[in-house]
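*Asks:* Letter by letter, the chains look like this.
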Amino acid sequence: MTRPEDVLVQRLGEVVVGQIRFRDEVTLVVAPERILQALGAAREMGFRLLTDLTAVDRYPAQPRFDVVYLLTSVEPPARMRLMVHLAADQTAPSATSLWPGANWLEREAFDLFGIRFDGHPDLRRILMPDDWEGHPLRKDYPLVEEPVEFQGHTPKVPSQIIPTSKPKHA
Amino acid sequence: MAVTPPPQRGTLISRAGSPAEATEADLRALESNILTTTVDRVVSWARRNSLWPAQFGLACCAIEMIATAQARFDIARFGSEAFRASPRQADLMIVSGRVSQKMAPVVKHIYEQMLDPKWVIAMGDCASCGGVFNNYALVQGVDKLIPVDVYVAGCPPRPEALLYGFLKLQELITQPSRRRR
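Taken in sequence, the protein lines are chains V and D.
Under this note's numbering, the letters of the first sequence match residues 1 to 170, in that order.
Under this note's numbering, the letters of the second sequence match residues 1 to 181, in that order.
Please keep in mind that the hints were generated in silico from the structure rather than gathered at the bench.
A portion of the hints provided could be inaccurate.
[To be verified] Here are the in silico distance ranges between beta carbons for each label pair:
{"id": "1", "chain 1": "D", "residue 1": "Arg179", "chain 2": "V", "residue 2": "Tyr59", "range": "47 to 55 Å"}
{"id": "2", "chain 1": "V", "residue 1": "Asp130", "chain 2": "D", "residue 2": "Ala153", "range": "32 to 40 Å"}
{"id": "3", "chain 1": "V", "residue 1": "Trp132", "chain 2": "D", "residue 2": "Arg84", "range": "43 to 51 Å"}
{"id": "4", "chain 1": "D", "residue 1": "Arg158", "chain 2": "V", "residue 2": "Thr154", "range": "29 to 37 Å"}
{"id": "5", "chain 1": "D", "residue 1": "Ser50", "chain 2": "V", "residue 2": "Gly119", "range": "53 to 61 Å"}
{"id": "6", "chain 1": "V", "residue 1": "Arg116", "chain 2": "D", "residue 2": "Tyr164", "range": "28 to 36 Å"}
{"id": "7", "chain 1": "D", "residue 1": "Arg158", "chain 2": "V", "residue 2": "Thr51", "range": "31 to 39 Å"}
{"id": "8", "chain 1": "V", "residue 1": "Pro60", "chain 2": "D", "residue 2": "Arg88", "range": "51 to 59 Å"}
{"id": "9", "chain 1": "V", "residue 1": "Gln19", "chain 2": "D", "residue 2": "Phe73", "range": "49 to 57 Å"}
{"id": "10", "chain 1": "D", "residue 1": "Lys102", "chain 2": "V", "residue 2": "Gly119", "range": "45 to 53 Å"}
C-beta atoms are modelled at their ideal positions from N, C-alpha and C, and glycine is treated no differently.
Please model the entire structure based on the sequences and the hints provided.
*Replies:* If you want it as structure tokens, here you go:
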């Protein structure tokens with residue numbers, strides 16, 4: 001039986017610039033200017049549910065951001081991801097024309113990562129206070145933490161106590 | 001016509017016709033009906049035994065707070081089952097859960113809407129000191145916003161722990177001078 005995501009890859013053709021297959025899960029990488037076309041095709045194919053829309057900051061790697069669309073098809077049952085790579089100053093088109101529910105998800109990605117979505121009806125912060133400065137889930141956002149009062153520990157700041165691991169993509 | 005003199009101050013009016021006829025039994029009955037105390041003690045006794053918590057929950061600790069109000073743990077045993085959705089009708093604030101930066105002004109607003117006298121229990125590690133979340137999103141302890149009377153440790157604290165904190169608060173109310181503000 002052909003899997004719906006394979007049919008989608010065939011139908012999209014050269015729109016798909018990369019494929020990641022991991023443990024039977026498919027992630028299609030699409031150029032930012034073609035993502036709406038790809039999302040629309042996926043939606044027509046039966047991936048009617050936008051489960052989540054989120055982002056990844058790969059700082060200091062380039063391009064810096066991934067925007068990830070998690071799609072679900074109820075019948076036939078299938079899941080897949082679409083991904084867009086964005087440079088720090090790049091924007092992605094808003095998916096609100098396809099899924100009105102993308103509104104808040106894109107606001108969240110904007111609030112926490114500072115990614116802008118073109119054509120979004122109301123791109124404001126959603127989780128952090130309106131007058132917050134910066135985007136807290138960016139890798140270069142400072143850890144605003146308070147010193148702890150563990151006895152006999154110097155330094156007192158948690159992130160300096162915990163040994164840091166190097167980012168994989170550095 | 002015989003005139004009965006008005007009873008003098010301090011004399012006992014008993015079933016006997018005149019003070020001289022008051023029996024020992026009359027005096028004992030009177031003594032067992034008089035209670036001497038101070039106004040402070042009576043008032044704090046009344047306050048202590050009918051605390052009305054504000055009805056709101058912030059996170060997972062709220063689930064334990066709800067369980068505390070239900071039959072198994074039954075906060076009604078201590079006179080505090082009337083959770084009020086309006087802060088105007090509440091005098092106890094149980095901060096049950098983490099306080100996010102965005103929630104902070106709301107929590108402070110609720111506290112300011114409550115009428116004096118009012119008390120605050122910080123329930124759980126997050127409300128007490130930020131817990132494991134030492135980051136941008138959370139206020140590191142609700143005592144940065146409002147004065148806290150009792151801190152209950154736990155993540156989340158069991159209902160028994162909350163009830164213990166509650167009894168500690170009742171102790172505190174009986175001794176207002178011990179209160180830090």
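*Asks:* The structure should be examined with respect to each hint, and the outcome stated for every one.
*Replies:* Status of each hint after checking the structure:
Between arginine 179 (chain D) and tyrosine 59 (chain V) the C-beta distance comes to about 49 Å, which sits within the given range of 47 to 55 Å. One distance hint, 32 to 40 Å for the beta-carbon pair aspartate 130 (chain V) and alanine 153 (chain D), holds here, with the actual separation near 34 Å. Range check, tryptophan 132 (chain V) to arginine 84 (chain D): Cβ separation about 32 Å, and the 43 to 51 Å hint is violated. Checking the proposed 29 to 37 Å range against arginine 158 (chain D) and threonine 154 (chain V) shows it holds: the Cβ atoms sit about 35 Å from each other.
Evaluation of the 53 to 61 Å hint for serine 50 (chain D) and glycine 119 (chain V) yields a pass: the beta carbon distance comes to about 57 Å. Between arginine 116 (chain V) and tyrosine 164 (chain D) the Cβ separation comes to about 51 Å, which falls outside the hinted range of 28 to 36 Å. Checked against the hint of 31 to 39 Å, the C-beta distance between arginine 158 (chain D) and threonine 51 (chain V) comes to roughly 35 Å, which is consistent with it. Checked against the hint of 51 to 59 Å, the pair proline 60 (chain V) and arginine 88 (chain D) passes, with Cβ atoms roughly 53 Å apart.
In this structure the supplied range 49 to 57 Å holds for glutamine 19 (chain V) paired with phenylalanine 73 (chain D), their Cβ-Cβ distance being about 55 Å. Between lysine 102 (chain D) and glycine 119 (chain V), the C-beta spacing of about 27 Å breaks the proposed range 45 to 53 Å.
Violated hints, in rising order: 3, 6, 10; the structure is consistent with all others.
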